[in-house]
Amino acid sequence: MLSDDRINAIIEASMSKGADLAEIYIQDAGSRGVSLLNGKVIRASTNRTVGIGIRIMSGVNSVYVYSNNLEPEGLIHMAKEAACALQSGSKAEIAALRELCKSSPSKIEIDPFSVPKHDTVEILKKASDYALSYDPLITQVAGGYSTGSRTIRVVNSRGVNREETKKRIRLTMEAIATKGNEKQTGRVSPGTMRGYEFINEYPFMDKMKECCDTAIRMVNAGYAPSGKMPVVIGNGFGGVIFHEACGHALEATSVGIGSSCFTGKLGQQIASSVVSARDNARIEGEWGSYYVDDEGNDSSDLLLIENGILKNYLVDELGSRRMNMPVTGCSRREDYTFAPTSRMSNTYIDNGSSTPEEIIAATDNGIYCAQMGGGSVDTATGEFNFAVNEAYMIRNGKIAEPVRGATLIGKGPEILMNIDMVGNDLKLSAGVCGASSGNIPTTVGQPTIRVSSILVGGREE
Amino acid sequence: MDSNTEDIKKLMTEIIGKAKEYGFDEAACHYSDNESINIDILNGEVSSYENSRDSGFTFKGLKNGQMGTCGTNVIDDDTADYLLSGAMENCGVLDDDDPDFIYCDPDHKELSFSQLSGAYDKNTYDRFKELGLKIEKAILDIDPCVKAVDYLSISASIGPTIMMNTKGLYAFTDSDGITIFAGARAEKDGVVKSGGHFWIGNDIDKFDLDSFIDKVSDNLITKFGASSVRSGSYDTIFKSDAFVSLFAAFFGNFSSFAMQKGLSLLAGKQGTKIASDTLTIREVPMYEKALNKIPFDSEGVLTYEKAIIDKGVFSTALYNLKTAYKDGIKSTGNGFGGNIGVSNIVITPGEKDFDALMETVGNGLIITEVSGLHAGVNAVSGDFSLLSEGFVIENGKKGRPVEQITISGNFYDLIKNITELGNDVENNLGSRGEVFCPSVIIKGVNVAGDGR
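Protein sequence lines correspond, in order, to chains W and U. Residues 199 to 659, numbered by this note's numbering, are exactly what the first sequence covers, in order. Residues 34 to 485, numbered by this note's numbering, are exactly what the second sequence covers, in order.
If you're looking for bench data, these hints aren't it; they were derived computationally from the structure. The C-beta atom is built at its ideal place from N, Cα and C for all residues, glycine as well. Be aware that a few hints might be false.
[What the hints assert, rightly or not] One-sided excerpt, in silico: chain U residues whose CB lies under 7 angstroms from chain W:
{"id": "1", "residue": "Leu127"}
{"id": "2", "residue": "Asp129"}
{"id": "3", "residue": "His407"}
For reference, chain W alone in the conformation it holds in the complex:
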């Protein structure tokens, strides 16, 4: 890796034509993964990527150059070229490099890279065998395990000198039930920044049974109805609704250029008064955590919404310049091939006061979405859509028959105002979020919530 002297030389070259900030991001990442289908390992791969990204900023303009070649002379040349492209009028002082400060949000007892792949493969095979003999309707079982390690170093012309290491594990199990031409899946995909002890403690058979039961229930289910109705959304991955309908529109990426539907709404009521929400990057061992962001700032436990009032945006360096607000330590990127931008970490609606049972009992007729799939949003218009993987009708305050094929659509600002009950069973769930700085691990979460009215796109009228 590069010595401090070389790094200083790159920063000097970057600032040689004037700039107010030069930033170097160096990444060394490795991953190992296996995929299984019906108890057989059909793919196994290993990968390592090392690279460097250099960003130079002047006001709200920036130049970003990157390469996988860490040869110092080439990097200095690249930095000089970048400096010429920026052509800044003014030049900030270059501060002396502070002492390197290392951190890790991973909470590791057993290093996942120290455990042979065979061990995890054997567990997944047992789970697969169990599922294939569970019920004749279960026709395929897929599984996967991957572990990744990433060390990043961020150095900048203000003297920032940080290094952070993250190790993550992601597990996937999926059971597919078949009935005639119909196939439905039940799936779990937990992710963690804990060590291999997570795998040792994970209740594989219980979770596989849940996958099978869900797939069987859904393959036997009728189609969901269409139309506006009350919707109760289960805890955990149900939080994807907040992530899409609100979280993205609170990122400086869109707020900073005035394109978000929540621009200029700080201090205003943007959600119903039962909604409070946070973006907390500082939960040790949680999938979406980091202590140092990809600009070298400390991450934060940020209150986004308090009792319906918008309290904070997610602000990165560029957003800070555009919005004249301090950074919140939320700058992230997939790898060195992306310039960083404001992103979410572990983002969730906080606990309310109702029990999940009270919420269902208070709903005469509607849909209970036990498991959400993914979704997407247009941050300018607020329009979103989510798939529902596992849903049930609610009739007379009770959960009734399962229904499949439902999609929830609407506009973020309206849906936030329509959340009228919030449960006390907050749960977090791992996901992957894609945006302009690439795909990054994020956690979504919420307690059980009720939306008084939302458009359900099903198949039956």
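Once you have looked at the hints, place chain U on chain W.
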């Protein structure tokens, strides 16, 4: 071929040359190198400029029919050992019932296909800046309601890929390309709409600003006054990119791998009718209008033109070496990136223009956009339910815009319900090549909305 390519070739020869030492029966090595530049324009200036050079190796080693892979972009003295030992470790955990292969056609040991445009040197910062500012201004000038061009990027990339294996294959390709994406925001009476357009090409001089701006305008300004529609069944015209997006979500079902593993309902249906007579879908790897011609796949098998659906009949599934062996046939040249994929796709157009298609429908809907494809589809069962937008068709004419509706149904029913295709072919970005597709009429599409 420059000296760098010679160095890389030497390193690749060394890597696969060590394969036997590490215990592999056969081995292959892939290399790719990419140079790119990108500029983003915002508020009358270049907000960001990116420049990169990135390369990497992937090694595949075969032992007892099991293929272990390992990749890295670290090029140093340890690269060979890292790749070989990583792949060998992976071979040790694989236990697939079906053997894999490393291949070289004895008649085509050396494959070389360069399609550099010769125009790449025009892609400079200054040129992109000038063009970007011109595009931004032209979009803002479309109408006073256009408030901002929130996203405008111009990027270009160039680079070779090299593939070598122990069977004697040496395959080389290189290409360059430019993409322009623009996304704008407009506001009228407190209602915000967004829309944009893209262009791909390999010669910046061939970019036509006027037609690009017309498309942005079509995709943005016409959206005002939109509302939902009543739930029901509608005869619908899918515009080219909406149809391609929807079709792409289910395209994996044409893969022989999905069929062999019981994950495609098309298994066993080759040679039978699965779609309307009006639908013919061909893979044309060397299609003259395609930006990138693809003469061979990433297993070194020559690609060739073929119908996937011919007048509604499912003519061939897509095979790589491994799945072809299992079915006792030859690979169809669809082994891409360790999976099964396609090159350039051409959907045979009909004869009517878009206005005539609307007249044919009489009363119904135009779907211009579908969202949420990564989540709102069940790729295996074919079920989908997707947020969509478009326009109503009233008495054969385009009427008011439509928003906040979902279209739902089943892919396998949908392709049977195609009644006609237009002649308005547009190119869309595919996973590897392009998809050339016209507007498509589908009868009886299930729509959910809360309109009255």
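Hints, verified against the model:
1. Hint on Leu127/U holds. Least Cβ distance to chain W is approximately 5 angstroms, under the 7 angstroms limit.
2. The beta carbon of Asp129/U comes within 5 angstroms of a beta carbon in chain W, closer than 7 angstroms, and the hint placing it at the interface holds.
3. For the restraint placing His407/U at the interface with chain W, the shortest Cβ-Cβ distance is roughly 6 angstroms, inside the 7 angstroms limit, so the hint holds.
No hint from the list above goes unmet by this structure.
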